[in-house]
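Peer 1: Spelled out from the first residue to the last, the chains are:
There are 2 protein chains.
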Amino acid sequence: MTLIDGKAISEQIKQEIAAEVAAIVAAGGKRPHLAAILVGHDGGSETYVANKVKACQVCGFTSTLIRYEADVTEEELLAGVRRLNDDADVDGFIVQLPLPRHISEQKVIETIDYRKDVDGFHPINVGRMVIGLPCYVSATPNGILELLKRYNIATSGKKCVVLGRSNIVGKPMATLMMQKACPGDATVTVCHSRSADLVGECRKADILIAAMGQPNFVKADMVKEGAVVIDVGTTRVPDASRKSGFKLTGDVLFDEVAPRCSFITPVPGGVGPMTIVSLMKNTLLAGKKAIYP
Amino acid sequence: MTLIDGKAISEQIKQEIAAEVAAIVAAGGKRPHLAAILVGHDGGSETYVANKVKACQVCGFTSTLIRYEADVTEEELLAGVRRLNDDADVDGFIVQLPLPRHISEQKVIETIDYRKDVDGFHPINVGRMVIGLPCYVSATPNGILELLKRYNIATSGKKCVVLGRSNIVGKPMATLMMQKACPGDATVTVCHSRSADLVGECRKADILIAAMGQPNFVKADMVKEGAVVIDVGTTRVPDASRKSGFKLTGDVLFDEVAPRCSFITPVPGGVGPMTIVSLMKNTLLAGKKAIYP
Chain U
279 MTLIDGKAIS
289 EQIKQEIAAE
299 VAAIVAAGGK
309 RPHLAAILVG
319 HDGGSETYVA
329 NKVKACQVCG
339 FTSTLIRYEA
349 DVTEEELLAG
359 VRRLNDDADV
369 DGFIVQLPLP
379 RHISEQKVIE
389 TIDYRKDVDG
399 FHPINVGRMV
409 IGLPCYVSAT
419 PNGILELLKR
429 YNIATSGKKC
439 VVLGRSNIVG
449 KPMATLMMQK
459 ACPGDATVTV
469 CHSRSADLVG
479 ECRKADILIA
489 AMGQPNFVKA
499 DMVKEGAVVI
509 DVGTTRVPDA
519 SRKSGFKLTG
529 DVLFDEVAPR
539 CSFITPVPGG
549 VGPMTIVSLM
559 KNTLLAGKKA
569 IYP
Chain L
279 MTLIDGKAIS
289 EQIKQEIAAE
299 VAAIVAAGGK
309 RPHLAAILVG
319 HDGGSETYVA
329 NKVKACQVCG
339 FTSTLIRYEA
349 DVTEEELLAG
359 VRRLNDDADV
369 DGFIVQLPLP
379 RHISEQKVIE
389 TIDYRKDVDG
399 FHPINVGRMV
409 IGLPCYVSAT
419 PNGILELLKR
429 YNIATSGKKC
439 VVLGRSNIVG
449 KPMATLMMQK
459 ACPGDATVTV
469 CHSRSADLVG
479 ECRKADILIA
489 AMGQPNFVKA
499 DMVKEGAVVI
509 DVGTTRVPDA
519 SRKSGFKLTG
529 DVLFDEVAPR
539 CSFITPVPGG
549 VGPMTIVSLM
559 KNTLLAGKKA
569 IYP
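So the protein lines, in turn, are chains U and L. Taking the numbering used here, the leading residue of the first sequence gets 279, the next gets one more, and so forth. Taking the numbering used here, the leading residue of the second sequence gets 279, the next gets one more, and so forth.
One should not assume that every hint holds.
In this list, chains with the same sequence are indistinguishable; a pair is considered to hold if it fits within one copy or across any two.
[To be verified] Restricting the straight-line Cα-Cα distance to at most 30 Å, the calculated cross-link-like pairs of lysine-lysine (DSBU-like) are:
| id | residue 1 | residue 2 |
| --- | --- | --- |
| 1 | 458 | 482 |
| 2 | 525 | 285 |
| 3 | 482 | 502 |
| 4 | 502 | 458 |
| 5 | 482 | 497 |
| 6 | 385 | 567 |
| 7 | 458 | 385 |
| 8 | 566 | 458 |
| 9 | 502 | 521 |
| 10 | 385 | 566 |
| 11 | 285 | 502 |
| 12 | 525 | 497 |
| 13 | 502 | 566 |
| 14 | 308 | 285 |
| 15 | 285 | 566 |
| 16 | 458 | 332 |
Worth flagging that the hints you see were computed from the coordinates, not collected in a lab.
Throw the hints in and build the complete structure from the sequences for me.
Peer 2: Below, the structure is given as structure tokens:
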């Protein structure tokens with residue numbers, strides 16, 4: 279069994295990005311600039327955004343953090359989005375989700391200029407991804423593709439089962455795994471809460487990608503001997519023995535499942551760091567105007 | 279075994295549309311107007327466009343056919359598209375595919391104003407469909423959903439296998455069948471030319487949707503007893519015994535497969551007429567400005 283070290287790969291990619299940024303700046307080019315909007319003080323969101331800002335520093339990007347209190351009105355937030363759309367120095371930006379319930383996430387996402395939508399959530403980027411056109415691919419699926427690539431994991435013709443059909447992970451992951459590309463060319467099955475034979479599908483998977491957000495959902499008897507298991511889950515499960523008061527828990531019961539796998543990602547240190555590094559890669563593309571002029 | 283009569287259903291829907299158009303016009307509203315651009319004189323394309331024009335008449339739509347010779351330049355064609363974008367009387371329009379090789383289909387599709395893109399091929403409509411937002415859903419998958427609905431075929435939790443991963447049928451079909459909706463909520467598997475165990479997957483399908491464009495590809499031993507089989511194939515296979523010189527042939531070896539099915543679509547008279555009627559439904563939506571203001 280090989281443990282897929284997302285942390286190490288992500289550090290390596292950040293160094294690659296930093297080297298490219300140094301070369302761009304040395305040649306008189308513009309330093310890429312990522313802005314992030316954070317609404318409220320949710321613990322998870324605070325951590326994610328802090329990690330993104332830290333990653334920007336490592337990559338040599340300029341970063342800007344814009345905060346709103348949780349009672350910001352939708353109109354104020356949309357005005358903030360429009361300001362970033364119009365700010366020529368900002369190459370790309372994100373609005374950290376989830377947002378307070380009185381704000382429409384979809385409206386916020388659609389207000390972001392798709393040319394700066396480095397999260398890849400805007401319908402134009404989603405559509406272009408599905409069609410196979412250059413675009414900002416959403417961060418988590420792209421990070422998983424990068425892991426498969428760097429570990430030389432064969433995907434062509436394999437049976438890939440994706441657990442979960444979210445817009446952010448499940449659906450784009452399925453699309454990317456079936457595309458004519460490498461990684462890609464897999465036979466892809468998407469299972470979800472309504473699937474009658476979820477366990478049976480999982481047992482046949484050569485590559486199992488768990489993105490349901492249900493801690494320890496995938497047990498050993500759901501995994502074929504020699505399978506590749508990618509765990510996208512990052513639920514904060516209360517744990518009094520820890521200083522933070524919680525334990526970041528994946529969708530896979532790791533200790534039980536790992537011995538059956540050819541490759542497996544841990545939580546934390548697997549997909550999580552790759553998600554942030556994918557955002558960095560999109561920001562570099564935005565800085566270079568590589569996708570949209 | 280129940281034969282799914284796409285022809286009868288499509289006639290019925292056209293009557294429903296015609297009644298709604300009559301009511302709109304009686305109330306002083308505008309008659310929906312579909313325009314079609316046809317390049318060259320390909321036999322299949324001529325037939326498709328003629329059928330679309332005919333369907334417009336039945337539905338009470340205004341229709342306009344704009345022809346270009348096969349040697350039209352890309353720039354001339356794009357100028358024609360822009361004229362239709364700007365023509366306030368045209369509610370929606372299509373450019374019949376395929377186009378001659380010297381013209382970029384993707385560029386043409388992206389030049390169409392997404393608010394008039396009743397084929398649903400523009401990245402914005404594709405992205406919105408994937409996310410689950412109101413949009414023009416592409417015609418063939420939408421027609422298949424309509425057949426499933428009108429025949430009360432249960433899809434929730436069922437195993438649905440889609441053969442083919444095209445942008446026009448396979449990918450959107452898979453997305454729609456997995457969405458939280460009715461029809462939908464199926465466990466969806468997409469198989470294609472690279473799939474290692476395509477036959478094995480087909481044999482487990484409760485609903486099999488064949489969209490590979492390979493005549494008679496699906497044999498009886500690939501179909502589970504009691505399965506629902508939807509045949510999207512429409513290949514013109516040479517047949518000297520026919521006046522037309524060809525026989526429209528599906529992806530399913532009908533005579534052999536039909537006895538095993540609970541429901542099956544014939545070719546012709548199954549999915550084909552539903553595709554045209556879906557275009558009519560999108561045109562009605564466009565005329566009413568129901569999706570985009």
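Peer 1: Within a copy, between copies, both or neither: which one fits residue 502 and residue 566 at a CA-CA cutoff of 30 Å?
Peer 2: Classified as neither; 43 Å inside a copy, 52 Å across copies.
Peer 1: Between copies, within a copy, both or neither: which fits residue 525 and residue 285 at Cα up to 30 Å?
Peer 2: Within. Shortest intra-copy distance 18 Å satisfies the 30 Å Cα cut-off; inter-copy 58 Å does not.
Peer 1: Is it within, between, both or neither when you check residue 482 against residue 497 at 30 Å Cα-Cα?
Peer 2: both (14 Å within a copy, 23 Å between copies)
Peer 1: How would you classify residue 285 and residue 502 at a CA-CA limit of 30 Å: within, between, both, or neither?
Peer 2: Cα proximity of residue 285 and residue 502: one copy only (26 Å, versus 45 Å across).
Peer 1: Indicate which option fits the pair residue 385, residue 567 if close means a Cα-Cα distance not exceeding 30 Å: within, between, both or neither.
Peer 2: Both, since 25 Å and 20 Å are each at most 30 Å.
Peer 1: Please work out whether the CA atoms of residue 502 and residue 458 approach to 30 Å or closer within one copy, between two copies, in both situations, or in neither?
Peer 2: both (25 Å within a copy, 28 Å between copies)
Peer 1: Classify it for me, residue 525 with residue 497: is the Cα-Cα distance of at most 30 Å met within a copy, between copies, both or neither?
Peer 2: within (19 Å within a copy, 52 Å between copies)
Peer 1: Which holds for residue 285 with residue 566 at a C-alpha limit of 30 Å: within a copy, between copies, both or neither?
Peer 2: This pair counts as within: shortest intra-copy Cα distance 26 Å, inter-copy 52 Å.
Peer 1: Between the shortest in-copy and the shortest cross-copy C-alpha distance, which are at most 30 Å for residue 458 and residue 385: within, between, both, or neither?
Peer 2: Close across copies (20 Å), not inside one copy (32 Å); limit 30 Å.
Peer 1: Reference check for the pair residue 566 and residue 458, CA-CA at most 30 Å: within, between, both, or neither?
Peer 2: within (26 Å within a copy, 38 Å between copies)
Peer 1: Given a CA cutoff of 30 Å, do residue 458 and residue 332 count as a within-copy pair, a between-copy pair, both, or neither?
Peer 2: neither (35 Å within a copy, 37 Å between copies)
Peer 1: State whether the alpha carbon distance between residue 502 and residue 521 is at most 30 Å within one copy, between copies, both, or neither.
Peer 2: neither (36 Å within a copy, 55 Å between copies)
Checked against the numbered hints given earlier, the structure breaks hints 9, 13, 16 and satisfies all the rest.
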